[in-house]
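Top to bottom, those sequences are chains A and B. When we follow the working numbering, the leftmost residue of the first sequence carries the number 1, and every step to the right adds one. When we follow the working numbering, the leftmost residue of the second sequence carries the number 1, and every step to the right adds one.
None of these hints come from the bench; they were simulated from the model. Hints are not guaranteed to be accurate.
One copy or any two copies: either way a pair holds, since identical chains are not told apart in the list.
The calculated lysine-lysine pairs, modelled on DSS-like cross-linking and capped at a C-alpha distance of 27 Å, are [to be verified]:
1) Lys371 x Lys480
2) Lys204 x Lys72
3) Lys460 x Lys397
4) Lys36 x Lys142
Just so we're clear, the structure is a prediction, and the values are computed from it rather than from any experiment.
There are 2 protein chains.
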Amino acid sequence: GDEKYAIYVRDMLLAYAKMYPELPLHPTKRSYATGKIFWQCLNDANWLVYVSQAYDCIYHFLSEQEREKLEKDLFKPFADFLSIGNPQFFNRIHNHSTWANAAVGMIAIVMEDSVLLNRALYGLQKDNIPEDLRDDDNGFIKLKDQNEAGFLAQLDHSFSPDGYFTEGPYYLRYAIFPFLKFGKALVNNQPELDILAYRDSILKKSVYALLHQTDPNGLFFPINDAQKGMSWRAREVITAVDNIYYHCGQDADLLSIAQLQNRVLLDETGMAVAKAIQSGKAASLKLNSMLFTDGNNGDEGGLAILRSFNENENETCLVMKFTAQGMGHGHFDKLTYALYDETGEVIQDYGSARWVNIDQKGGGRYLPENKTFAKQTVAHNTVTINEVSHFEGKVEKGEKHSPDLHFFKADNKDFLAISARDNHAYPGVEMQRTLALVKDEHFRNPLVIDVFRVSADTEKQMDFPLWFHGHLLSTSATLKTNVSALKPLGEKYGYQHLWHEASGFPDQPFHQMTWFANGKFFTVSSTTEKGDEIILARGGANDPNFNLRHDPVYIHRKSSVKDAIFINIIESHGTYNPVSEIPLSPFATVSSVDILYDSGKYTIVSLSKENGLKWELAIANLNNSETANHSLEANGVIYKWKGPITLIKK
Amino acid sequence: GDEKYAIYVRDMLLAYAKMYPELPLHPTKRSYATGKIFWQCLNDANWLVYVSQAYDCIYHFLSEQEREKLEKDLFKPFADFLSIGNPQFFNRIHNHSTWANAAVGMIAIVMEDSVLLNRALYGLQKDNIPEDLRDDDNGFIKLKDQNEAGFLAQLDHSFSPDGYFTEGPYYLRYAIFPFLKFGKALVNNQPELDILAYRDSILKKSVYALLHQTDPNGLFFPINDAQKGMSWRAREVITAVDNIYYHCGQDADLLSIAQLQNRVLLDETGMAVAKAIQSGKAASLKLNSMLFTDGNNGDEGGLAILRSFNENENETCLVMKFTAQGMGHGHFDKLTYALYDETGEVIQDYGSARWVNIDQKGGGRYLPENKTFAKQTVAHNTVTINEVSHFEGKVEKGEKHSPDLHFFKADNKDFLAISARDNHAYPGVEMQRTLALVKDEHFRNPLVIDVFRVSADTEKQMDFPLWFHGHLLSTSATLKTNVSALKPLGEKYGYQHLWHEASGFPDQPFHQMTWFANGKFFTVSSTTEKGDEIILARGGANDPNFNLRHDPVYIHRKSSVKDAIFINIIESHGTYNPVSEIPLSPFATVSSVDILYDSGKYTIVSLSKENGLKWELAIANLNNSETANHSLEANGVIYKWKGPITLIKK
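From just these sequences and the hints, can you work out the full model?
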């Protein structure tokens, strides 16, 4: 009620109104949609989303003349510039356009301008956007067969039916703000739209999906272009939690997230959350193992999250990505995964090569190394063939295909599994990955079993990278280390950014590499064949401006094979702290891993511990029927099981 | 009182007694004093310190025959082996021998064996140790002019008069346990010695000195050979705090440390601490800026700790080392310093190249890279000349000299300073470093001003390394980065372990390098001259077993100079977190640094901020009188001040 704020807002807006009619494009001209106030229309749209709210707040304080001046000289031309002036920005299915639609729609509601509101909801009728037009990230402007645009089209096309956002959680965190702010304005002003019920309550679903795509510390999985460290605590997620709590059923589980956020909005939604917490209503949002589909029909692959807990209730979390390309911000990383525990990353995803808003690093924008490294396949934990990235690193190829789910198994919390296939990342190559997360009293922490099969039409070099997070302690293969000179590991597709530190050639069909991180010992135990090479490399080559992190990577290379199977067991087996200086269980307890059987149809692998424990994991690679009975003989033993996967403990 | 434990101890000891008489030396034969049970006598002595207590506990439970058997076959020969059998181990002034003396003395007290007790207190009468005998770390066994040995000699020679332990806090933490355990046994059994009052209560002083040699998180400064992460929480420090509290005046300040430790001993001392805390007696141990002398007469240099606090009471802590060599575990790092804030290291000391007790890394012992890298000068934040370490990296040379304090100023908590000189690390070279830590409302955090003067008899290459902890953001010099091949920076004295990543040649007399770490922005602003080179390098070269951390270092090189002055301002100017993505003050506010005057007698430097602030720091390099008046003209301005250092704010 203090007028001084209204006066401040009025005077500022009038100053903008004076300037805007003559304002040229921003001089940077670096964007596919250059703004006027900022370097890209996106930032102008951000501005209008916030300023619409400010205008709404002082609307009745202003004189009619002032309103007329503001609308005629500032808001209408501003909204026209973001829409008619930039159809390639306004008429996309993309987080940018969500901001644009919301900005135009929100100012339309304040101005009671039904033409603009219609434009915001349904897009421009005609846009004349060429089919092959791309944005700054090389993403297509138009989706294939896209006939709709505007806010409702965003709701229809940005999400899978279960709320997964195809660009990934980092960008959903960003887009959820205009989705919900404009959504709320529509609740208040266009109740007949019933926007929160739209598409089976897709906005609510998307918020829950966002909250689930987090590691044990509440940090979003940094898949696709994403800066690490973004979390539940982000202001946009506070907005999301408070609004969904207030408008969508007052789910007490959300209050636990609000408690972690330790902040609420200064409006009726935040007040409701704060009061509910104060009155002891908070329940706990249980993050279970989950499968999300991708694609607006849910048929373009997906994302699997496996969560398991050790006896101290510390979480191990595995996320496997077999999504669609994810548009311009997508990475070329079919069938990749990342692993977390309660201390953070164990097997990391690099995230984006960007220091968001930090001027010294390329003005805070995406860095060249984002394209040349962070997006490339070798920067991820999945197979690279012939040192070329999936889909040759081309968005237009990547957008045509997505992997297929084979099975997802979360009915037994002690034996979780996911299996998916990709037949398109490389022509003539079929890849299938099956990942299991097993909790068992014989292991201190849940064990990862990773079975990655590759079948190619001709002999190829196959590299299996593991971005272990920590310091190398030992390898069972003798290493030949490049002690007095370093060269890049390759020339293209991200390899040019890896310094080749060492190679080893395992002389046994079994290899172990142990590392130390965050007070813990980890070992990856792998099957190997004659001719296999173990490579240790590190980021930072061909990086003139020190943009990259110098993280280590372990690469299992098969130089020339048609069919390959990479079996890897990841064990978190011990701890050490520098105060006690006592290592507890510093060595792996897994003592052997063997392939008992492998064909296109079935794979059986075994692992043993020195204490005599032996497990056999049997996988039906083609048949995902839960009820199918399988039987086969391997090494004179008959194996029988039901369903796509089974773990036999001996 | 439960006999089962007594039975267990008895049976175990009898089994040892059966084995011991025939036990040969441990087969490793890797130590200057190989043990029988373990690879070194030190570990055997550890064993006996603990087992003496066990024997004491069950002494009256045992039959006379059992005692006779244990003493004749196990304890007496064990004590003889540690002393007469290994004079080079027993008759030193060293943490090893403290364990040996305590072990022999403690078992002597249980057995009431006055011959052994005398030996423990006063050493072997004759040892025939050759004067140039060295231990595994290349330290001398005998100190120069050492005529005493035994526990009392340790108390006389291991500490400076104010309790500084010449090997540094990591090893004091280790040695304090036998010092206090045997000390306590002497309190109980030889009260006439009045051991806790010995040498003006040196044991009590040493515990306080230990507690003060910690960063803002309670971690010991990792000077000399030291594994990082060791802290107040160590079991030995719990023993020290509880015992000194109980036996030395019940200082309520110590209770605050006990609270941080969150553990007490299960004896009368721990009980007293717990009860005192429960009854609300805990006060807070205030860690002030401190100067410790080194050398048992306090005349062999020292260690200065400067502590300053920003407006949020977050600490910035600077430790400058100008101690004696520190025996075999000493590093060649005269006039080095390290910098900490509340998040941890800002300018780091490498510590030791060792993974204590982690078998995969050289059995957990010191690694070869400890000698070839961690001890060398370039691994520290001090000047290296002609790519040779101080004293050519030779302990016998290093032990002959120590630097001299010029002045220490802590009377004004907003302007702390330390200045020291070294004239021996290089023949014909005089080095003087003056470090100031300044708190002022114009800077968000205390500012470090570092003035390092070097005067040589002939032209030499001078390298000034800064082991900044974090990720390089920018340099004002254009960098020529080695993008497609890396070579080591040099061949010897640690340089062979540095990959040469980039060089730049500042074209202005002022250079800035900004880095990011732990959510903060830091900048070092330096004066430069024509021909100066900025080198970016990183640890890890010539490291076949991945023993080293791959940490970055910034080196300011002057290729051929007789007199050099390195002026560096270190500013912690801003913050960023990945949740808000908003950088606050990402650029340095210091805009220029100039040398206004420099001679052997005086140095005046100035620094400016863009807002017009200008400071001048005047130093009297030779005269440390607090009352001397100084006056000189520089650039037409007359400067007048009193005392060795002054900061003029304009």
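Results for each hint:
no.: 1; hint: Lys371 x Lys480; result: between (31 Å within a copy, 22 Å between copies)
no.: 2; hint: Lys204 x Lys72; result: neither (36 Å within a copy, 80 Å between copies)
no.: 3; hint: Lys460 x Lys397; result: within (21 Å within a copy, 59 Å between copies)
no.: 4; hint: Lys36 x Lys142; result: within (24 Å within a copy, 78 Å between copies)
Hint check: a violation occurs at hint 2 only; the rest are consistent with the structure.
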